[in-house]
Amino acid sequence: MKFLPTSDADRSEMLRAIGVSSVEDLFASIPAEVRQPADLPPPLSEIEVRRLLGSLAARNANARESAFFLGAGIYNHYISAIADQMLYRAEWLTSYTPYQPEVSQGTLQSIFEFQTHVCLLTGLDVANASLYEGASALVEALLMASRLCRGRTRAVLSAGIHPEYRETVRTYFSALGFTSVEVPIGPDGRTDPKALARAVDADTFAVAIQSPNFFGVVEDWKVGSDAAHAKGARAVAVVAEAVSMALLAPPGEREADIACGEAQSLGVPMHFGGPVLGFLACRAEHERQIPGRLVGETRDADGRRAFCLTLSTREQHIRRERATSNICTNQGLMALASNIHCSLLGKKGLREVALQSHAKAEYLKREISKIPGWRIPFGAPTFNEFVAEGPEPASPLLSRLARRGILAGVPLSRWDPDAPNRFLVAATEMNTREEMDRLVAALKAGGTGDRQVPRQDRP
Amino acid sequence: MSVSVEEKKGPAPGDRRHPEPLHEPLVFERSGEGKVGYSLPPLDVPETVAIPEVLCRPDLAGETEISEVEVARHFTRLSRLNFSIDQALYPLGSCTMKHNPRVNEEVARLPGFASAHPLAPEEVSQGALELAWRLEKILSELTGLARVTLQPAAGAQGELAGILMVRAALAKTGNPRTTVLIPDSAHGTNPASAHFAGYKVRELKSNARGTLDLHVLEEAMTEDVAALMLTVPNTLGIFENQILDIARIVHGKGGYLYCDGANFNSFVGIAKPGAMGIDVMHMNLHKTFSTPHGGGGPGAGPVAVAESLVPFLPRPTVERRTDGAFSLDHDRPESIGRLRTFLGNFGMFVRALAYISSYGNRIGDVARGAVLNANYIRAGLAGVYHLKYDAPTMHEVVFSDKKQTASGIHAMDIGKRLMDYGFHPPTISFPLIVYGALMIEPTETESKTGLDAFVAAMRKIARESEEDPEIVKTAPHTTPVRRVDEVGAARNLVLRWRP
Ligand SMILES: Cc1ncc(COP(=O)(O)O)c(C=O)c1O
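Protein sequences, first through last, are from chains W and A.
Under numbering that gives the first Met the number 0, the first residue of the first sequence carries the number 0, and numbering increases by one thereafter.
Under numbering that gives the first Met the number 0, the first residue of the second sequence carries the number 0, and numbering increases by one thereafter.
Because the hints were derived from the structure by calculation, they are not lab data.
Heads up, a few of these hints could be off.
Said to hold, decoys possible - Label-pair distances were calculated between CB atoms; the ranges are:
1) W/R49 - A/T473: 19 to 29 angstroms
2) A/G33 - W/D436: 31 to 41 angstroms
3) W/G378 - A/E28: 41 to 51 angstroms
4) A/H329 - W/K443: 24 to 34 angstroms
5) W/R63 - A/P12: 47 to 57 angstroms
6) W/G445 - A/Q86: 51 to 61 angstroms
7) A/K252 - W/P40: 50 to 60 angstroms
8) A/E6 - W/P40: 49 to 59 angstroms
9) W/R149 - A/P12: 46 to 56 angstroms
10) A/G173 - W/R321: 41 to 51 angstroms
11) A/P12 - W/M0: 12 to 22 angstroms
12) W/P416 - A/C55: 29 to 39 angstroms
13) W/A229 - A/G33: 27 to 37 angstroms
The C-beta atom is built at its ideal place from N, Cα and C for all residues, glycine as well.
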């Protein structure tokens, strides 16, 4: 086995040094009754591993081989070749959490830079080193708000927050005695400000809204901030399409206290949903309640600038059951990918990606709205994703299109059985006008016709 | 032991090994107006911003302007300030720093995985669903437990999922109970996860062997206790040889036995948790199954459960239908719900499946190698470093600095001095029940030559501690930066660059 560097001769010598006659002797403390070998197939060679995984990969439609309009929290954006190739470097890939700063300055400085990018994008003061992904990042933000408003037990959530995020909140809250109250969105696709304000009471610790919301509609963070602050609660801004932050007013500027969500679209491949990249940022006065790792700047014994993990007394390895979160392993490598990506695109590139995504989605929205029998149900402005509604149930239509090489959208019926004909369509800088025209033509034809994009065939 | 290394004078101040500039400015400090690091096609649709100005920002002040060349240099130089497994032994106890096979990286980047979307229609995602289904079957076989959820993003989230399932099962019988028992040797995530699952934590004192005391357990195990969270083998690298009695006592009071499977790498393919009476167990794919740690993540924390907990698994599960197709089952009314979006850290499932397939029915060799290597280090350092618990060592061995403290040398100093000899330090100050702990886990992917070099360095440091303690106390001397002022960092917080 090529991953095991011990020869038979080494093993004999080692056993002699240890003073036992066989490796099995070293397992004497495991009771005999529980010893059972694994019933697995024989080992595979590298060629066979490639073949097995290759055959599984070949059976998934993907953005490289389709006209691609899927979103709903995971987006297909440009990633420079250099970003992924950098991740192959062993110094990034095969190192652990930077607990020993003298031999981890690379990782530490990269996290410090990532924290800075997140602060610049959110307009807040402090960001952590990453969280798992968007939904659990929202949970962490809400739990943080609950610590800032001790004794209160409710969170008010806009129904425009990603349904899987809201479901995750319910899972975590169920055991903690907290409740979440959901405020519906209005007919134009935005959270109704009056309904939101009415839902907040003196027992509310947080008000959370998402922008662009799950339906792609741009919300005003200030609506959430005003509703929260009127009752002494904290305002949580949720972002599931992080590219939007390069165009939309940042949460900090619109008075949100905590921003959180999913930064996959800033440099992380879609990976069938994970690993992606949760983030959380807050104001300086709340930094001691932030969950997860933080990197700070300091000096070494010779007075040189250096970085290290800091405020660890918030964390589980020191504070145990009183920690601000149970998180330990986070999404470090994805935060590095995002740092590289944000650094490359920077001031102009991040903005251009946002502007192109928006312009393409506007084009597509207009073209779809012109198809007879089709409409765009929500009238409020959208960023790069919108709801389309056709004359027939969306799921079968989308399946027909998928078989033709067009991944046209995400049906809303799983979350809203009353809207079987509606689905989400997303556009990014990766889409061409030709592809969008092809989608429109296919929708006009009801999703029938020939396959138009070649795809790797099944093995 | 190679005497020559031990005799030679060790690295001293001024022996810095890093030839390149030690200081890399922040990427923001490398920025220069007018530079670009990207290229995009021209916009092929009409330019428009159909969003009111008050909801937009004017620009991204403070963000970078930098060329691709400079980005390549920046991140390459930064990377060289890191220690990595590909360099040398990385003996961080509990963290399982083993070789990361590169074919796993390669296959995880196939477009059918890396560019696949979790909400594409199921009929065009059959490969991804089958992969998850296969990995579940394999983990179920390895653990001897009924089913597995792959959803948790890391071990800690797996712990939370597991305890929430216990809570749901108990709640169904009318009483979720109030307390979770956790030995004092446990990892910090155990009590933190129990807390976020709504339980009080009661800590159990370990016995003189370093394991759980049956009398202590019997006294603490009441009908108010939902679960015992036990790490097997524990964080001292010692197997709970009374595991069957432990399970009997916990089950006797209607509680559940939770296993923190972070150390599964020491018995995978040799023994099955299900046979031990364990009801629920998380695994860390980034430990036992070699998915890379990436400087802190991502990981994946699948949870295996006994039949009694299956109804409560997180939603959705992956099912194989009678026609052979794979699909997601969201309709699980007793599920604890979701812990995160989508299926989990799917990219880690790809790597883990590739890794397990490479070993196949020889997967037990992982454990055999890990345990052999840890015992070899133990033999090489016995008598030189203090061993508080002398029960048999599995995959890791926990020494302490007790013999060195007389000369004012602490575990931290020993760890820092190891850097001068080209090794990463062991885990320091954990587990908490060993004062001045040096927790050493070599893993199975270390050669005898590598282990010998490590043992020689550790012995040399023990000698230096007596003969030249100053050089140990002021170590490291050869790293990109010297000892870092962590207290200062927390006192005067600078958590970001400012324009
Ligand atoms: C014994 C033990 N339990 C639990 C954990 C937590 O796992 P993770 O970091 O994957 O959340 C770790 C590792 O960090 C560990 O070593």
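Verification of the supplied hints:
1. The supplied range of 19 to 29 angstroms is broken by W/R49 and A/T473, whose beta-carbon atoms lie about 50 angstroms from each other.
2. About 36 angstroms separates the C-beta atoms of A/G33 and W/D436, a value consistent with the hinted range of 31 to 41 angstroms.
3. A C-beta distance of roughly 46 angstroms is found between W/G378 and A/E28, which places it inside the suggested range of 41 to 51 angstroms.
4. Between A/H329 and W/K443 the C-beta distance comes to about 32 angstroms, which sits within the given range of 24 to 34 angstroms.
5. Taking the beta carbon of each, W/R63 and A/P12 are about 53 angstroms apart, inside 47 to 57 angstroms as hinted.
6. Separation of W/G445 from A/Q86 is about 59 angstroms and conforms to the stated range, judged on CB atoms against 51 to 61 angstroms.
7. With their beta carbons about 41 angstroms apart, A/K252 and W/P40 fall outside the hinted range of 50 to 60 angstroms.
8. Between A/E6 and W/P40 the C-beta distance comes to about 50 angstroms, which sits within the given range of 49 to 59 angstroms.
9. Taking the beta carbon of each, W/R149 and A/P12 are about 50 angstroms apart, inside 46 to 56 angstroms as hinted.
10. Our hint of 41 to 51 angstroms for A/G173 and W/R321 is violated, since their Cβ atoms are close to 30 angstroms apart.
11. The beta-carbon spacing between A/P12 and W/M0, approximately 43 angstroms, falls outside the hinted interval of 12 to 22 angstroms.
12. Checked against the hint of 29 to 39 angstroms, the C-beta distance between W/P416 and A/C55 comes to roughly 35 angstroms, which is consistent with it.
13. Range check, W/A229 to A/G33: about 46 angstroms between beta-carbon atoms, so the 27 to 37 angstroms window is missed.
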